[in-house]
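**Student:** Sequence:
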Amino acid sequence: MLKRLKNIQTPLKVFISLGIMAFVFLRLDLKEFKEVVSQIDITFWGYAIVLTLAQFFLLSLRWQILINIGQYRMNYLQSLQVTLASFLANTLFIATISGIAVRIALALQYGSSVFKAIFATGIDRFLTLFALTIFSSIFIPSLSNYLDGSMYKNTVIYIGIITFILVVLTPLITLFILKKVPALSKSKGRINSGVRYITILINSRKILFKLILISLVAQLFFFIAIYLLSISASVNLGFLQIMTVLPVITLIASLPISIGGWGVREGAFVYGLGLLGVPMETAFLVSIQIGLISMLTIIFAGIPAILSEHNFYTFKNCFSKK
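So for the sequence shown, my numbering puts the first residue at 520; every next one is plus one.
What the hints contain is simulated information worked out from the structure, not anything from laboratory work.
Among these hints, one or two may not hold up.
Pair ranges (Cβ atoms, derived) [said to hold, decoys possible]:
no., residue 1, residue 2, range
1, Ile680, Leu739, 43 to 51 Å
2, Ile719, Ile692, 14 to 22 Å
3, Met814, Leu691, 20 to 28 Å
4, Gly630, Lys672, 27 to 35 Å
5, Gly589, Val556, 48 to 56 Å
6, Pro690, Pro530, 16 to 24 Å
7, Gln590, Ser669, 49 to 57 Å
8, Ile692, Ile527, 31 to 39 Å
Cβ coordinates follow ideal geometry from the N, Cα and C atoms, glycine included.
My request is simple: use the sequences and hints to build the entire structure.
**Tutor:** The following block contains the structure:
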């Protein structure tokens, strides 16, 4: 059963991406869309690429901190290579699990234990979602000006549940398990290694503060890049206005139900920016630019990251065994 689900997962994601893209595209005024495309200011692409790279640099710093908790394993350059290689795998092999597999495999190559690599990868993903949720919570009150009562209420409940799970429930459950299950602390081998890793992380407020701050700033760089791309498409909105919907849109687009966010991102941007009065054609163009800039930056920055003999061998091995 699980094998059958795995076999249909990628085709289903392709269907969702193409289906939503086609639905949105068929509703566009093509004449208006061509006019909007002709007015793009390419200058802002350069700024967006620089900010996207800055985001990758910060995410690499986050990974270096996570993988070196308890014992030093990786310098910053190696961490940057691992981060870029994992993003490249996501892009080339159209599946989030590909990036996770590459990240774990490269961590093992640098001497990390299996449990530590898995925990670090999971926490890395958690922190990205955590940052998106925090930004969504900060700006969600402004959405009341653009959504009707029931829609706004449902959105608040949705974001509230996610925030509660990430900010309150997950840390409390983790602390409860570590303190109330003595067998874990007395365990040996790999399980003990994982418990020790989590314990060190939770007990180090300095490390936690750094990780959260890095995650928030990295996400902010991405939001600024999107804002600049919206300016390139002649969107006449201030940064704070766009931030009213941007965190929620990005949170929706990050759901692993499509290929690299394509389709879901376009639908979310057309709806979200539409609430702010942005025409469908312009919102669609902004979303397409985001996808292209992200993809091109990952490819051109990620390929050099796997060119070393060891990294390329590990990268290739992750997929040759499938």
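**Student:** Next, verify each hint and record whether it holds.
**Tutor:** Going through the hints against the structure:
1. Ile680 to Leu739: 43 to 51 Å: For Ile680 and Leu739 the Cβ distance comes to about 24 Å; the hint is violated.
2. Ile719 to Ile692: 14 to 22 Å: 18 Å, holds
3. Met814 to Leu691: 20 to 28 Å: At roughly 38 Å between Cβ atoms, Leu691 and Met814 fall outside 20 to 28 Å, so the hint is violated.
4. Gly630 to Lys672: 27 to 35 Å: 50 Å, violated
5. Gly589 to Val556: 48 to 56 Å: Since Gly589 and Val556 have Cβ atoms about 51 Å apart, the given range 48 to 56 Å holds.
6. Pro690 to Pro530: 16 to 24 Å: Given about 37 Å between the Cβ atoms, the range is violated.
7. Gln590 to Ser669: 49 to 57 Å: Between Gln590 and Ser669, where Cβ atoms are some 52 Å apart, the hint holds.
8. Ile692 to Ile527: 31 to 39 Å: 32 Å, holds
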